[in-house]
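Peer 1: If you want the building blocks of each chain, they are given just below.
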Amino acid sequence: MMKEIKVKLTGAVLALALSSAAQAQDARSVAPALAKYAQERLFGEVWKRPGLSPRDRSVATLAALIARNQAHELPRYVNLALDNGVKPAEISELITHLAFYSGWANAMAAVSVTKDVFAKRRIGAEQLPAASPKLLPMNEAAQKAEKERETRVGQQFGAAFPGVVQYTTDILFLDLWQRPDLAPRDRSLVTISALIASGQTAQLSGHLNRAMDNGLTQQQASEVLTHLAFYAGWPNIFSAMPVAKDVFEKRPK
Amino acid sequence: MMKEIKVKLTGAVLALALSSAAQAQDARSVAPALAKYAQERLFGEVWKRPGLSPRDRSVATLAALIARNQAHELPRYVNLALDNGVKPAEISELITHLAFYSGWANAMAAVSVTKDVFAKRRIGAEQLPAASPKLLPMNEAAQKAEKERETRVGQQFGAAFPGVVQYTTDILFLDLWQRPDLAPRDRSLVTISALIASGQTAQLSGHLNRAMDNGLTQQQASEVLTHLAFYAGWPNIFSAMPVAKDVFEKRPK
Amino acid sequence: MMKEIKVKLTGAVLALALSSAAQAQDARSVAPALAKYAQERLFGEVWKRPGLSPRDRSVATLAALIARNQAHELPRYVNLALDNGVKPAEISELITHLAFYSGWANAMAAVSVTKDVFAKRRIGAEQLPAASPKLLPMNEAAQKAEKERETRVGQQFGAAFPGVVQYTTDILFLDLWQRPDLAPRDRSLVTISALIASGQTAQLSGHLNRAMDNGLTQQQASEVLTHLAFYAGWPNIFSAMPVAKDVFEKRPK
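Residue numbers (the numbering used here), protein chains in the order written: chain A, 1 to 253; chain B, 1 to 253; chain C, 1 to 253.
Don't take every hint at face value.
Intra- or inter-copy, both count: the list cannot distinguish identical chains.
[Claimed, not checked] Below, simulated BS3-like cross-link-like pairs (lysine-lysine); rule was C-alpha separation at most 27 Å, straight line:
no., residue 1, residue 2
1, 147, 250
2, 134, 36
3, 115, 36
4, 87, 134
5, 36, 87
6, 120, 36
7, 250, 144
8, 87, 115
9, 36, 48
10, 48, 245
11, 120, 134
12, 147, 87
13, 253, 144
14, 147, 253
Since the hints were made in silico from the structure, they are not lab data.
Using the sequences and the accompanying hints, generate a full structural model.
Peer 2: Okay, structure coming up:
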C-alpha cells in the first residue's frame, strides 16, 4: 500500500534535517517508523505543500510549540524559523503575544530557550523591538470595531469580571495587538495556531474571523490545520474543523 | 496610548523581582516588551490589586503552574508563596491535592522542584503534615451534602464505573478533602484554579459552588480569574467567565 | 475514617517501588501524604485491580504520560512497562502512534527518554519494528468500514480541508493503524487513553466504539477510566464518563 518515496530536501528544511541528524538517529534507535514518517511525510512533504509559505508554517509551528509548552523541541524550530525568514523581532513579539494568549510561564520557557539561539546567532538588542514603540494607528473602521467589541464584552462580563474586561481592552486590544513589530495578520496566525494547538475551540471562531479580516485567506487557514495536525495531533484538528468550516461558510463572499 | 508608569515594588513582590533579576535579564535579551509588561503590569499592578490577598494569589498561581505542569517557573513561585505567608504544610497539601485533581505526574514534578526550595530554606519534616492525621470532622450538614453527592454520582455512574465512583467517595471526599492542613476553602481555591488553568470548564460549575459554600467570596472568585488571565492565558479565562457568571447568578443572595 | 492498611507489593510493581525509592524519599520530604497514597492506594491497590492486566495498565499509563508530555515521569514507567510484558516493538509503535494522535513533539520527547532506557536494557535494533513492514491485511468488513469513514469525513470536510482529509486516510487509517507490531486493539487502547488524558472528549466517542470493535471489553474500558483517574486527574475522568457511558448504552448487546 505504501510506495517507497525518494525525497529531495532543499534549503532551510535541509538545514533542519542536517542539524537534527542526532535527533533523527535518536528516533531511529527507538522508533524507525517515526524517523521515516518525519523524513518522507513531515519534512519531505507537509512543509513543502503550496498554500502556506515555509515562513508562515514556521510561525504556526512556533506558536503551537509554545502554546503546548514544548521547550524540548523549540530550539530547532526557532532556528528553522530564522532560516525561513521570520525576523528576530517577530519571534520576540510572538513570544510576548503568547504570554497573554497561552500563559506567562509558557512565554518565559520560550524566552529561556530562544535566548540561547539568539546568542549563538549573534542576534543582539538592535534587532529586537523597543519595549514601548510607537503603536500602529487604528483607522476609523478599526476603532469602531474595537468599540463594539468593548461594549459587547463589557455588557456581558463587565459587572462580574471588571478586572478581566479592563485588561482585555487596555493591555490586549489597545496595546499588544497594535505593537508594530508583528503584523496584525501574523498576530492572528499566532493566536489561532495557539488556540488550535491547545484544543481551545470555544475561542476559535472569533479569532479565525479576525484572522481573515486581517488578511489570512481561507486556503491558508485550511493549510494551517493540515500543518498543525502533525504538531498538535489529529484530535485537536478534528475538533477545530467543524468550527473553522462554520466560519468559512458564514463569511460574506 | 500607553503612559510610562513608575512602579514601586515592595515586600515579597520586590523579593521576587530581585531574586529573578537574572530571569528578567533573559526576558530583556529576547522580548523587552515582555519584561516591561512583567514589571509594570503583572508584578507592579496585578499582584497588588485589592480583592484577593497576595497569599491567595500565590495559592492560585501555584495551582495553575502545577496543573499545567510548568516546573520551569515553579521554584520562584514556591519561594514567593512562602514569602507571602503560605505555610510549608499548606504547599505540601496543595501538591497532594493536585495529584488527584491534575494527575499524579504533575504532583511528582512539583515534588521534585519543591524539595530543593524546602531544603534551601531548611524546611524539615517537623513543618510538614502527618501522612495520616486526624481528619477534620464533618458536621451534620456536610455529611448530608456528601451523602447526596454520593447518591447522585452513584446513580449516574456507579454501574458503569464502580472503581471511579468508589475512589471518589473513599479517597477524595471522605479523606483528602478532610485533611486538616489545608482548609476546605483553600482546597477549593486550589481546585478551581487548576480547573480554570487547564481549560476544564465542564467541571468548574460544581467546584465553584463548593468554593463559595466553603467561604470564597464572589469578589475573590472574580479576582482569581483576573489573576489567572496572566498565568493560564486569556482564552482559558474567556471560557471560564460564562460558567462562573452563571454560578454567581444562580446562587441564593 | 481511614484504616491503616498493610500492603504487600510483588513482582513488577515491587520492582517499580524499589527502583523509585529515591523518588518516594523525595515525596516524603515534601508531601508525606502523597507518598502514603502512592504506596497504599496507587501501587498497592489500583495497579492490582482485576479487570485490566498490569500490561494493559502500563500501555494506558504510557499513553497518558506521552499525551500530556510528562517526560519527567516517563523513564520509570517505560521500565515498568517492559517488566509488565509490553514488548520494545510495542513501545516503539505506541510512540509513533502518538506522534499523530498527541503531536510530533510529544513523540520526540518520548523518544529522547526511551532511548536511554532501551540503551541501559540493551534493547537494540533487532527488537524494533521495521520502518516499512508488510502491513496487516484488511478483511472485507474492515475495508467497507474504512470506505464508509472516508466517505463520511470526505463529505463533511473534504472541500474545506483537503489536506487533513487526505492524510487521515493515507497516513493514519491505511498505513499507521495497519502496522503489524501493535495490535489494533492496543492502538485503540493507546488512542482512548491519550484522548481521556488530554481532555479531548469530543473525539472519544468514535474511538471508544472502534476500541470495542477491536476487542476492548466494557469492563476493561471502565477500568481504564479508574486507572487514568490517578494519571490524568479526576476532572478529565468526570468529563469522560458521560461520553463513555453513552457509548456503552448505545452499542448492540
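Peer 1: The structure should be examined with respect to each hint, and the outcome stated for every one.
Peer 2: Evaluated hints:
In the homo-oligomer, the alpha carbons of residue 147 and residue 250 lie at most 27 Å apart inside one protomer (23 Å), although the nearest pairing across protomers, at 30 Å, exceeds that limit. For a Cα distance limit of 27 Å, the shortest separation of residue 134 from residue 36 across copies, 15 Å, qualifies, whereas the shortest one inside one copy, 48 Å, does not. When the C-alpha separation of residue 115 and residue 36 is checked against a cutoff of 27 Å, the pair qualifies only between copies, where the shortest distance is 17 Å, while the shortest distance within a copy is 31 Å. For the homomeric pair residue 87 and residue 134, the shortest alpha-carbon distance inside one copy (19 Å) is at most 27 Å, but the shortest distance between copies (45 Å) is not.
In this assembly of identical chains, residue 36 and residue 87 lie within 27 Å of each other by CA distance solely across copies; the values are 21 Å between and 31 Å within a copy. Taking the shortest Cα distances, residue 120 and residue 36 sit within 27 Å of each other only across copies (24 Å), while inside one copy they are farther apart (30 Å). Taking the closest pair of Cα atoms, residue 250 and residue 144 come within 27 Å of each other only inside a single copy of the chain (21 Å); across copies the shortest separation is 34 Å, beyond that limit. For a Cα distance limit of 27 Å, the shortest separation of residue 87 from residue 115 inside one copy, 14 Å, qualifies, whereas the shortest one across copies, 35 Å, does not.
Proximity of residue 36 to residue 48 under the C-alpha cut-off of 27 Å is restricted to the intra-copy arrangement: shortest distance 17 Å within a copy versus 38 Å between copies. For the homomeric pair residue 48 and residue 245, the shortest alpha-carbon distance inside one copy (24 Å) is at most 27 Å, but the shortest distance between copies (43 Å) is not. Taking CA atoms no more than 27 Å apart as the test, residue 120 paired with residue 134 passes in neither setting, with 30 Å inside one copy and 45 Å between copies. Within a single copy, residue 147 and residue 87 get their C-alpha atoms no closer than 32 Å, and across copies no closer than 45 Å, so neither meets the 27 Å cut-off.
In the homo-oligomer, the alpha carbons of residue 253 and residue 144 lie at most 27 Å apart inside one protomer (22 Å), although the nearest pairing across protomers, at 38 Å, exceeds that limit. Proximity of residue 147 and residue 253 under a CA criterion of 27 Å is satisfied intra-copy only: 25 Å inside one chain copy versus 33 Å between copies.
The structure is inconsistent with the numbered hints 11 and 12, although it conforms to all the rest.
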